[in-house]
Amino acid sequence: MQSLTNISLKTIVKKQVKWKAKLYISALSSLVIVQIIFGLLTSSAGSGSSGYGGENLTVHFSNYSLDTFLIVTAIWAFIVALLFTTKAYRIDDLSVISSRTSSAIANIFVMIIYSFIAVIIMISTYYLQVFGILLVEKKSFIIEDLFISPSILLLCFSSVCLFGAIGLLLGTSFKGPVVIKILVSTLLLLGLILFFMSPESINVRSLIMLSNLMISVLYLLMALLCFSLTIWIADKAEVTRK
Amino acid sequence: MNIIQCEELSKSFGRNALQRVTCTIDAEKIIGIIGRNGAGKSTLLNIFAGYLKPTTGSCKVFNENPFNNIHTAANMIFIDDQLSFSDYLSLEDILKMGADFYPNWQNELAYRMLEYAGIDLTAKHQQLSKGQLATFNLVYGLVSRCALTILDEPMNGMDEVIRTDFYRAILKEYLAFPRTFLITSHHLQEMESILEEIILIDEGSIIAHAPLDEFKEQLISLSGPSDALAELLSETEVYAQKIMAGMTSAIIDASNLFISEEILRAKGITISSLTASEVCKYLTSKKGSDIDAIFD
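Which chain is which? The protein sequence lines are A and B, in order.
Here the working numbering is used: the first residue of the first sequence is 1, the next is one more, and so on.
Here the working numbering is used: the first residue of the second sequence is 1, the next is one more, and so on.
Next up, chain B with everything else stripped away, as it sits in the complex (with noise of 0.2 Å):
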């Protein structure tokens, strides 16, 4: 069943922040929102949360206009790092407010969880530091239970434990109480092990909206001599490429690969496989766009 739906959807502050994207997301999944800075992560997370209104286009969330929709507001939670409460509630009044709010609350969840990170009920949200701020919204956000759960960069500002044992969390609370998860973040390499669908944005349109393998599969790595290579990149698109000791090495579109893979072998050619986190990079850089080439 479909959460989300999105019909030519565009959003214009002045400059198009989105360009007519149209998708769909599936209930219960685990979804990763992918994209350089200001590539249109945010703007699109705002307008599911309805906070933001479309200047043309469909949004629809929960089958209804999500935009200052109570209906969406009350199945869904979006956490950031302007999450922000009362200077007079401490984390334990801000546990007890969240528990009256939402309806499937688990405060023993967020007292045990917080205990686990070291964080003291006692204080006042200002007064955590950024990656305690991090984890004390994270854990708002899990214990929640919302139906549509947004995390916009959730683990900005953890060390590297706390990230991996919160992705663990995000997982676990998802297994038991299955939802949607919509996260963006800049450690693809360390989510993609939870990730089921990548829905990766460039300069606000939505280029690739796959399940993880198949996204993986999208570009491959050919290195080989490069008299053997020049002929087969020439006939497709090259994504980056670099050649070394008549040695050339190039990333392309594997679906442009019409060659099996024992004449590659056979001409010296071998093929690798890329991480999530390197399809994203090769697929968002822009052509000829090499740092190297601003220090030559």
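Here chain A stands alone, though its shape is the one from the complex (with noise of 0.2 Å):
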């Protein structure tokens, strides 16, 4: 008999997250388009913004901070995580060598990667949109920290890759076992009614007011419980193509 190929799921998973990487490269297009017009937009008013007048005096202070630009980057992470886990995705990994595991930890890095590279771009669009009003309002600029530190880096890093997380775990969940299906709704919906029924419930202060690094931890533990949830349930997941 022809002898049998043996290959690692190690190697099936590099080749795997090398041409999802190349493949998937829109979805970082369309994060820098919409980090621009999200930067055109808020550019007038910032993403805060106060002010108050006397008799011959009106001032109005305009934020510009990375808040925004986190938030967009976010749940950009969170839609891009749940189209890697749709049908059409999920067909195309059957054309190559895969199984459900190893297009499950490729897509992992890749959302790992992809979460890297978006917080260089909106780093970057921040930048611009900084020095963008720069150019314009030369005189009423006040800059307070333009250099972004390490933690702060950590901290969106960690974020946009825990909403990714969330995405990848929801997505496969709903195309995991029927108990998972049923098990996932059930908590959404839970977890819907107490978000609106009862918001002052959800307490994120005590959170807040970790440090940056602590955050980053928590959040990076968060992502992590979820890969290997995604991991679990797509190990368990059958193939349905019609």
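Each computed EDC-like pair below joins lysine to aspartate or glutamate, with the alpha-carbon atoms no more than 20 Å apart:
1) A:Lys18 with B:Asp87
2) A:Lys87 with B:Asp81
3) A:Lys181 with A:Asp235
4) B:Lys281 with B:Glu153
5) B:Lys281 with B:Asp253
6) B:Lys281 with B:Glu197
7) A:Lys15 with B:Asp87
8) B:Lys267 with B:Glu235
9) A:Lys18 with B:Asp93
10) B:Lys60 with A:Asp235
11) A:Lys15 with B:Asp100
12) A:Lys22 with B:Glu92
13) B:Lys242 with B:Asp227
14) A:Lys15 with B:Asp93
15) A:Lys15 with B:Glu92
16) A:Lys14 with B:Asp93
17) A:Lys87 with B:Asp87
18) A:Lys236 with B:Glu64
19) B:Lys130 with B:Glu92
20) A:Lys18 with B:Glu92
21) B:Lys60 with A:Glu238
Pairwise CB distance ranges (calculated):
22) B:Ala123 with A:Leu9: 29 to 35 Å
23) B:Glu214 with A:Pro177: 38 to 44 Å
24) A:Leu40 with B:Asp87: 27 to 33 Å
25) B:Ala210 with A:Leu225: 49 to 55 Å
26) A:Leu9 with B:Glu214: 39 to 45 Å
27) A:Val178 with B:Pro103: 33 to 39 Å
28) A:Glu238 with B:Asp87: 22 to 28 Å
29) A:Asp235 with B:Thr122: 36 to 42 Å
30) A:Phe196 with B:Arg36: 51 to 57 Å
31) A:Leu183 with B:Cys23: 33 to 39 Å
32) B:Pro103 with A:Lys181: 32 to 38 Å
33) B:Asp87 with A:Leu225: 30 to 36 Å
34) B:Arg36 with A:Leu9: 34 to 40 Å
No lab work stands behind these hints: they were computed from the structure.
The C-beta atom is built at its ideal place from N, Cα and C for all residues, glycine as well.
Each of the two chains sits in its own frame; use the hints to bring them together as a complex.
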């Protein structure tokens, strides 16, 4: 008999990551476009503004920060991760050597790489916006802190990564066994009920009080949990193509 | 050596798609999986490919459980009309990707076959016509040279000339690099010449699994005067029967015929063999079902 091919999971994942990262590149270009549009839209008012006026004096403050760019990037990561788990992408995986597990791991690595690139895009767009405003509003522009510290960078990366991980987990859950679908639907429903019925019960004050590094570690641990669950569910999922 | 072993395999999607299937498939053979629409062929192939999990029973491919198994995936390719590739890849890129994944990939052969079929390598997979798509998918499956090549209706949409050519291509590839081919097709007559074995599935069960010649000899056709055949037919199971102007022709199980050919000939009864396609048709036809009866 023809000798059988022995390829390790690691080798397959590496190949899948290489091709997926190349093929899904349009996801990053969509982020660039969204960020530029968002940067232009917020260039006049910033992420927040306030003002007051007297008889002869009117003062108006516009704050420009990374926060809003981060929110847009996190939403982008969530949507892109969900897209990675849709039928079209899953069926494409079957055209080469792959298993559901290898595809899930490859998606996770692509998501991590893309999260990192997304943070770079996000910061670049932020600096572009700052630079643009600096050119227009030379005199009234006050730079508080132009340098973005590594802890902020890590916080941005972990936040984007976490949203990507949640997207992957949610998308994979609905392709997994029926029990998992029911469980996830119930949890989502309960979460929504809790959010709308008693929003005060969701207290994030203690989280905000933590240092950037602590929040980053917490986010990364949560992302790791989501990634592990994604692999576990993918391992049990059947292929549905019709 | 066996590459696939199934033991009491069942799969249910609310209704039973497969029921207690037990079979063994040897390595390096071209096997036709035949059955009517909805018989359970694709479900069985999906289980072999590791895409579906049996509800009960066991299945082993290359001595391992194939479900979500990377070893099975590395040695198997599943070609059907659902095969799809990223919109961003041209056919040439797809071949490059195939070469990157499959260790036995034959790029030169792929180029030659696609050139023969007149398929432009700069085109995208989604831009191909139905026939071209089937041709490309089949080429992709052949040049990957996997130990287990599963072809689910590979010729759907191809014109007759290309179909004939590609049956030869399958045979030539098999001779050049022997491996196991599992092929399902509605064109059994065209495919007969390349098959070594047939597995016939009906209503989720395997009702026949035999070498092609043995399979064809399962049923025979008897024709002769109705009077002479009446007694004979009353003692055996009749798969189909037609009576016209005092002459009867009937299809029966060859193993139930205990009278020699000479005696039958003396009674004016002639025996004729059936094609594999006809045997499939009669074995899977519901008793008493006749399209003519609808119009009577």
